[in-house]
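Chemist: Work out the full structure: start from the sequences and follow the hints.
Going down the list, the protein sequences come from chains D, B and Y. The numbering of the first sequence is the working numbering, which starts it at 1 and goes up by one. The numbering of the second sequence is the working numbering, which starts it at 1 and goes up by one. The numbering of the third sequence is the working numbering, which starts it at 1 and goes up by one.
No lab work stands behind these hints, which were simulated from the structure alone. There could be a bad hint or two in this list.
The calculated lysine-lysine pairs, modelled on DSS-like cross-linking and capped at a C-alpha distance of 25 Å, are [said to hold, decoys possible]:
hint, chain 1, residue 1, chain 2, residue 2
1, Y, Lys19, D, Lys79
2, D, Lys250, B, Lys254
3, B, Lys179, D, Lys239
4, D, Lys150, Y, Lys177
5, D, Lys111, Y, Lys199
6, D, Lys250, B, Lys179
7, B, Lys137, Y, Lys60
8, Y, Lys197, D, Lys79
9, D, Lys254, D, Lys221
10, D, Lys79, Y, Lys149
11, B, Lys137, Y, Lys19
12, D, Lys58, Y, Lys177
13, D, Lys278, B, Lys279
14, D, Lys103, Y, Lys60
15, B, Lys179, D, Lys269
16, D, Lys111, Y, Lys196
17, D, Lys79, Y, Lys60
18, D, Lys78, Y, Lys60
19, Y, Lys149, D, Lys103
20, D, Lys74, Y, Lys180
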Amino acid sequence: MPITTEGLRFEYAPGTPFSHVALEDISVTIDDGSFTSLIGHTGSGKSTFIQLIAGLIKPTAGKIYLDGEDINQKGYDKKKLRRKIGVLFQYPEYQLFEETVEKDIAFGPTKAGFTEDEVAVKVRKAMELVGLDYETFREKSPFELSGGEKRKVAIAGVLATDPQILILDEPIAGLDPIGRQDFMEMVRDLNRGGKTVIMISHNMDDLAEYSTRVIALYQGKVYLDGTPNEVFSRYGHLKRAGLDLPETGKVIQKLRDRGIDIDREIITKDALIRELKKLLGGKDD
Amino acid sequence: MEEIIRSEGLTYRYETETPKRPALDGVDLRVREGEFVAVLGHNGSGKSTLAKHINALLVPSEGKMFTNGLDTSEEDNVIEIRRSAGMVFQNPDNQIVATVVEEDVAFGPENLGVRQEDIIEKVYLALNMVNMGDFGKRSPHMLSGGQKQRVAIAGVLAMDPKIIIFDESTSMLDPVGRKEVMATINYLNKVEKKTIVLITHFMEETVDADRVVVMIKGRIEDEGTPGEIFRKRDLLMRAGLIPPFASDVAYRLKDEGFDIGQALTVDELVEGICRSLQKD
Amino acid sequence: MIKDITLGQYFPGESPIHKMDARTKLILTLVLIVIIFFVHTYIGYLCVAALLVLTAVISKVGARFVYNGIKPILPIALFTFVINLFFISGETVIFEWRFIKITLEGLRQSVITVVRLVLLVLSSTMMTLTTSPMELTTALERLLKPLSKIGFPVHEIALMMSIALRFIPTLLEETDKIMKAQTARGADFEEGGLIKKAKALVPLLVPLFVSAFRRAYDLALAMEARCYNGGEGRTKMRVSHFHKRDLFAFAAVGLVVIVIALGY
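Modeler: Below is the structure:
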């Protein structure tokens, strides 16, 4: 179920003094099972892009195809779209509203049209995925939980429809380091299990570690597009777009500045350590 | 140097909850004037509860807290304590009162009854310290997160505090905003000589601190310079903290038999690698 | 974007109108509104219109923003115009076709209604364009100060107003976010009848209230930390005083009142 966009353009408040083009001429295809990261500094259009492909806003021009079907054409069943795409926004715990954890998580699958029995199974499975014990939490009010637990309920609420495509907009914001690690590992497992992941994050290290593809947006246009190795090794380009390097990139760039020959396409921590060992060990001979 | 913050056996229990253990359990915190102290801990370690005691937003259930020499449990001291120990909170949106930047910064001095002629001067002095002098007439909701947080800092600075407490003030910001705020904190400590208490769960934010205090379950588990603390890997593990990239790489190299020395930052890591390479 | 809505449509500037004491602007706007309500002569409207145009020119706000200020009521104005035109009966018929009858009196009355409506909105627009919401609440606080002697919480109400103004854009943005998040979970805010629509609002309203309460709690804490202790002993950074320009403004409006009075 690939997502394809053609000449996508989005303009805020067109025809007013506040009009502002957020996205221009975006034509990309996001393959099934990929882990695609979107990077770009605040205002680059990345949030607009995911809202468009999730069918939450309509493009000013251009088309979005899911499974070959134009999602904005007349008569397109939005329910189908909601079943296939799950969206997790920043601070998702702020969207909780039901009396109990179970009811809140059931909201999505119920709206998607699953039967009561199916919903019950899906809720249980989603809670298991995020690490919430079903019996302990199902009857609790989501508002009496701790921050971390609320976040888990919200994530379960999105996963419960079992979407094929997961869109994540800065999902780790506000989590503490361990919470971040746990979350990223869960996303990686979901991706390995076959789900397509599209993720926005400022944390370049996570993206370098887990993505299969990185798209950098700059001033509403696709600026860089490739594997993490390709994108994150283009230090100059990233800097010009106001983007951070992953920590690995910072180390390698500084070593290269000192005249040490080390491969720019190393982007994960483990690979860096391996390479440094070779470098340091090699000198011993 | 004089101790500007001192707690003795500070214990605190939240009334609304029925916890088996108190949020703070016999904390003895000491901060000298001009010091930059980072309080590190996992969510629920009690670090924010401790911070709120410093400016009397909370008062001890047991034990004592002295800020700038004043007992925080004395009702009459509260205003003076809050003037001398300002606090910057987590959510930039929820601490800005006014619809114009300069009017927000003026809120503190106005509450203190500062003479009208002096308020403007204090407001712009404070805004200039955080590099927001040109934004006085702007509307806060049009600013970036980092800018809003700097306005909040200016709002505290306008009261001429000796101490500034940052209660997870960077946790909701993007990397650019985070850098802006960290640079401001360092400037306030190094140049303006403010005493800084930084509450955070990000170890990389503590590398410039004079001292790091690690909290676990309402107690101070350990304290020392960033270098001393970063070295204690099982302490960090127990505290639910993740060492910064550079320091972790240096340790893992050491584990593999390549000792390049300790590194807290990327620069120190690169320096260490180059040093080892030259040695041979 | 929803947050681009300019709040209270304040247009910052340094003109004499901007610098005028907010109390003057508040009082004079009220006076103008009263005039518009009670006057029924062309010369009266002309005077008020001339005064407002003069204000707009001096304030250098620019026609576009002034127009934006009155734009929202134009459809209403048009609607009342049409209604009046067809339903006010009179003697002098100027147009008749089947059951539609337009009379001179109807036309006259319709024009006057629209003019009054536009003038009303224009006078308050000129005030809000040249006065920040904060200045306005301060002015209100100072004008109502005498009421605090009889126990009316003037300071608290003014503070509540300014905080409300401060948080409107934040909450609008939040509404937008929550709406999108719930839509993505399958909520539908548009379809269905009245009851279904009202029910659909629950997933939006509950989080919005929870968030508003959390923000209120945070803000209260932040205000306390900044030594807020009620209105007692507070000073103000910007206290406007009456100047010559305020006298001019009073004189100008006074003149209009006299002209109108003579015109009766």
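Chemist: Does each hint hold? Answer for all of them.
Modeler: Tested hints:
no.: 1; hint: Y:Lys19 with D:Lys79; result: 56 Å, violated
no.: 2; hint: D:Lys250 with B:Lys254; result: 20 Å, holds
no.: 3; hint: B:Lys179 with D:Lys239; result: 15 Å, holds
no.: 4; hint: D:Lys150 with Y:Lys177; result: 18 Å, holds
no.: 5; hint: D:Lys111 with Y:Lys199; result: 13 Å, holds
no.: 6; hint: D:Lys250 with B:Lys179; result: 16 Å, holds
no.: 7; hint: B:Lys137 with Y:Lys60; result: 18 Å, holds
no.: 8; hint: Y:Lys197 with D:Lys79; result: 18 Å, holds
no.: 9; hint: D:Lys254 with D:Lys221; result: 29 Å, violated
no.: 10; hint: D:Lys79 with Y:Lys149; result: 61 Å, violated
no.: 11; hint: B:Lys137 with Y:Lys19; result: 14 Å, holds
no.: 12; hint: D:Lys58 with Y:Lys177; result: 16 Å, holds
no.: 13; hint: D:Lys278 with B:Lys279; result: 16 Å, holds
no.: 14; hint: D:Lys103 with Y:Lys60; result: 56 Å, violated
no.: 15; hint: B:Lys179 with D:Lys269; result: 22 Å, holds
no.: 16; hint: D:Lys111 with Y:Lys196; result: 13 Å, holds
no.: 17; hint: D:Lys79 with Y:Lys60; result: 52 Å, violated
no.: 18; hint: D:Lys78 with Y:Lys60; result: 49 Å, violated
no.: 19; hint: Y:Lys149 with D:Lys103; result: 52 Å, violated
no.: 20; hint: D:Lys74 with Y:Lys180; result: 21 Å, holds
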